[in-house]
Amino acid sequence: MSEASAHAIDHHEPVTSTGIPNKKVLMWAFLGSDCMFFGTLISTHLIYRKISATVGGNFLDIRDIFDIELTSFSTFILLASSLFMALAVSAIHKGNLNSTRWMLFGTIVFGAIFLACQVYEFTHFVHAPGNELTLSSYRGEPHVFGSTFYVLTGTHGTHVAIGVFWLIGWLIYSFTGKMSTADAMDIECCGLYWHFVDIVWILIFPVVYLMEYAF
Amino acid sequence: MATESLKYLNPDSETEVKTKVFPRPGQNTKGIINWLTTIDHKKIGIMYGMAALFFLILGGLEALLIRSQLWNHNMDVLTNREYNQMFTMHGTTMVFLVIMPLSAAFFNFIMPLQIGARDVAFPRMNTLSLWCFIAGGIVLNLSWFFTGGSPAIGWFGYAPLTDTRFAEVLGDMGPDFWIFSLQILGLASLLASFNFITTIINMRAPGMTMMRLPVFTWMTLIVSFLIILAFPAITIALVELMFDRTYGTNFYDFLEGGKPHLWQHLFWIFGHPEVYILILPAMGIVSEIIPVFSRKPLFGYGLIIFSGAIIGFMGFAVWSHHMFTTGMGIVATSAFSILTMLIAIPTGVKIFNWIGTMWGGRIRFETPMLFALGFITMFMVGGFTGIMHSSVPIDAQHQDSYFVVAHFHYVLIGGALFGLFAGFYFWLPKLTGKMLNEKLGKFVFTLMFIGFNLTFFPMHYLGMIGQPRRTHSYNEGHGFETWNQIATIGAFILGVGIVIGVYQFVTAAFNKKLKPAGKNPWDARTLEWTLSSPVKEYNFARTPIIKARDQAWENNYGPEENHSQKEPLDDHGVHMPDRSWYPLITGLGFLGLVLGMLFHQSVDVNTGEIIRNYTPAIAGGVVAILGIIMWAIEGPAGYHLFPKEDEE
Ligand code: HEM
Ligand SMILES: [Cu+2]
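Order-wise, the sequence lines are chains A and B.
In terms of my numbering, the first sequence has 196 at position 200, counting the first letter as 1, and numbering is strictly consecutive.
Just remember that my numbering sits 3 ahead of the position in the second sequence, which is counted from 1.
None of these hints come from the bench; they were simulated from the model.
Wrong hints could be hidden among the right ones.
Each computed SDA-like pair below joins lysine to any residue, with the alpha-carbon atoms no more than 25 Å apart [what the hints assert, rightly or not]: (1) A:Lys19 / B:Ile588; (2) A:Lys90 / A:Met175; (3) A:Lys46 / B:Met331; (4) A:Lys19 / B:His575; (5) B:Lys262 / A:Met207; (6) B:Lys262 / A:Phe101; (7) A:Lys174 / B:Pro163; (8) A:Lys19 / B:Met331; (9) A:Lys46 / B:Thr336; (10) A:Lys174 / B:Gly638; (11) A:Lys46 / B:Pro163; (12) A:Lys174 / A:Phe101; (13) A:Lys19 / B:His578; (14) B:Lys262 / A:Phe33; (15) B:Lys262 / A:Gly150; (16) B:Lys262 / A:Leu131.
Nothing here was measured: the structure is a model prediction, and the numbers come from that model.
Please take these sequences and the hints and turn them into a complete structure.
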């Protein structure tokens, strides 16, 4: 007995009432809450979209600066990253460390491409000659579109960035030699988060971008 | 504690981690470090409670200043602006720094004991919630010392009062302090709620099915869901407001296309669920106390829980009753009016259940029961006025008058605070191991009950004859003076009552004259009463196997097959997680981040341009992130305790 005590106590996942691991319940609760965060942001955007459709008496056509090809591309990239994420989770469940590592890497790269596109888009919009969209104005006139647009998509981008850093943490951890199937559940939680952030984008893309071309 | 009976397997659990930057405190840590690094839900509950009682006194002093200013017509106790600051700080303090953390104190201390758990699901995260709450309290009250002093925008912070261009004082920082303190308090509440949800769903003792959970635990669960679904609305609203004030966005700026009306919607989408976040814990406490002091099981257990859930659900669909006079249009106004009337039904159901519980019971009028009865009666008065202003034309008369002030103080003091005080008198014997002085308790109740009614009942009348709320003074000739003077006298009586009560709670642990409580002094019904008072650090020596709803009662009076059993004592011992520094460090990091953001702007004296310096904020953020990383690396770890067979 007392020899065993010299080692830090190995921590088994405790048996839970529902059989679902605690961390997973935590993650689901968090995602439920996060729905309300994005719900509030998206509502704000939609409420203002029509109310403030004009600038200086002229109808605001945000399509003048939108680059729908680029955004469609980055949307596709983000969707594809979810595939890598799913594969990473399945690989770690099987204990295939090498494959887990590559799939994590793929998710990170695709997440980073998405972020790069967003950074490009933001700088491009702010400096678009004659069509500057800033936090407080459009074409030099006070306006709300920039406020709701940047804060909404920026919050989403922050989520993606946090996910990327989290994944990088796992990638580094995979080189310490400690990673095993015991970590599968933790990586699965990370995956839940990643897929959720993806799904939110699937909502934002039509609501913020495509809709400008439809109505 | 009977230390000699505990066989410590690993008395120095630090050996393994000495090499780390912050050595992990071992299991025998004493004194201040023990409190700073604790992850024990009971100690965390105590700290929540102590801090909240401190803020209760602070918020009470602010209220007494308000009441002094209203003593007579055209008084000059406070200036206009000071008066606005006072009611803003009073409201914000009472809601976020008193009632919510007092509820959190009970959630922390009582809920794990009621479900037969050794701690919450994520003990270190629980500690982080505590430190975030304390940081929020500090940030809010720091506002007194900087440009413009405290916020003067009301606890609801309506736009455009928060617009920088309309600031009474140039460069007023009050609203910024308000924004950031609410953000960090929101973080505290969110983290705590995720934790409680996981704990209640996942950490129940074997046999503790959902329909055997004590009502207080059920209310904890419902409130936690309300928090995680309602707080995001205000968090985002505050983010938008922060952007408006700092980076010039136009969310609420009506001069540039924003709509102040949107702020009201977002605030009340949070705000109405918030009032249920404030009241449901007290309802849970009262549902525990009334059966015990009536010596009957709770009448309509399922119905009480179901109506609690319905209240929580419908609470998200009535927010616009705070905006009846803003001109939302007939359809919206009528819909919200009807829903508001409907939500009174589940509330009424609960009241009838409590009455049904007492009906035919052998009622003992001890202090917890007195406060519980005070709760029922006073909350009913507040409920009635609530239903009155669910009617739109009537509300048009009530809106912004003292009638509304009367309404919400009847539900918040007569309701929430009385319920929480009942909880203190009920559970402090469990916490300290000593019976409180019954005579003093009754005296406190009498003072509070009389003082409270003297203060707030006249406000109904004052509101009806036209005294506006949030207004610094009134002129002669309206006939407001007499009733305001009665209210002010009442407020001081209530204040004295609260101070004596708080004194009684805080000194209970040190008062040598008090009688020992024993395991179950009230002959109560739920699981926490099977444990010794005060509760051992590991709660349950062996995990109980639950057989019935009112387990402590069944063990004493029920048939043999309803007695709880215990899981066999394995030679593994009781696993206790290790203490940790990282919650505190992460909390300090958040505090640094918030303060850094608050002070990141300055104005160049020569050019008048705004200079931004993010270094302190980033430094704070880095500390927080490092704290979290180290936290993940250190892991829960832990040590084992070997209590004797039934030492619990
Ligand atoms: C029967 C249930 C209730 C109904 C029908 C109800 C209805 C209302 C209505 C319509 C208002 C708006 C009055 C106005 O501004 O003109 C109001 C205000 C308020 N109620 Fe209630 N209420 C109920 C219960 C509660 C409870 C349980 C609490 C808190 C524990 C609460 C706290 C408040 C507060 C704080 C305000 C004022 C907010 C402000 O303007 O600053 N109410 N209530
Ligand atoms: Cu309400």
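Pair hint outcome, lysine 46 (chain A) versus proline 163 (chain B) [Cα-Cα no greater than 25 Å] = Satisfied, since the Cα-Cα distance of roughly 22 Å is no more than 25 Å.
Given hint phenylalanine 101 (chain A) paired with lysine 174 (chain A) - CA-CA distance at most 25 Å = holds, 18 Å
Quick one, are lysine 174 (chain A) and glycine 638 (chain B) close enough, alpha carbons at most 25 Å?
-> holds, 14 Å
With a cut-off of 25 Å on the C-alpha distance, tell me whether lysine 46 (chain A) and methionine 331 (chain B) pass.
-> With Cα atoms ~18 Å apart, lysine 46 (chain A) and methionine 331 (chain B) stay inside 25 Å; holds.
Regarding the pair lysine 19 (chain A) and isoleucine 588 (chain B), is the alpha-carbon distance no greater than 25 Å?
-> The hint holds at about 22 Å.
Pair hint lysine 46 (chain A) and threonine 336 (chain B), alpha-carbon separation not exceeding 25 Å = holds, 22 Å
Quick one, are lysine 90 (chain A) and methionine 175 (chain A) close enough, alpha carbons at most 25 Å?
-> Distance of about 12 Å is within 25 Å: holds.
Are the Cα positions of lysine 262 (chain B) and phenylalanine 101 (chain A) separated by 25 Å at most?
-> Given pair lysine 262 (chain B), phenylalanine 101 (chain A) is violated - Cα atoms ~44 Å apart, limit 25 Å.
Going straight from one Cα to the other, do lysine 262 (chain B) and methionine 207 (chain A) come out at no more than 25 Å?
-> holds, 22 Å
Is it true that the CA of lysine 174 (chain A) sits at most 25 Å from the CA of proline 163 (chain B)?
-> violated, 55 Å
Below or equal to 25 Å on CA atoms is what counts here, so check lysine 19 (chain A) against methionine 331 (chain B).
-> Cα-Cα ~43 Å, so violated.
Does the alpha-carbon distance linking lysine 262 (chain B) and glycine 150 (chain A) stay inside the 25 Å limit?
-> holds, 21 Å
Of the numbered hints stated above, those contradicted by the structure are hints 6, 7, 8, listed in ascending order.
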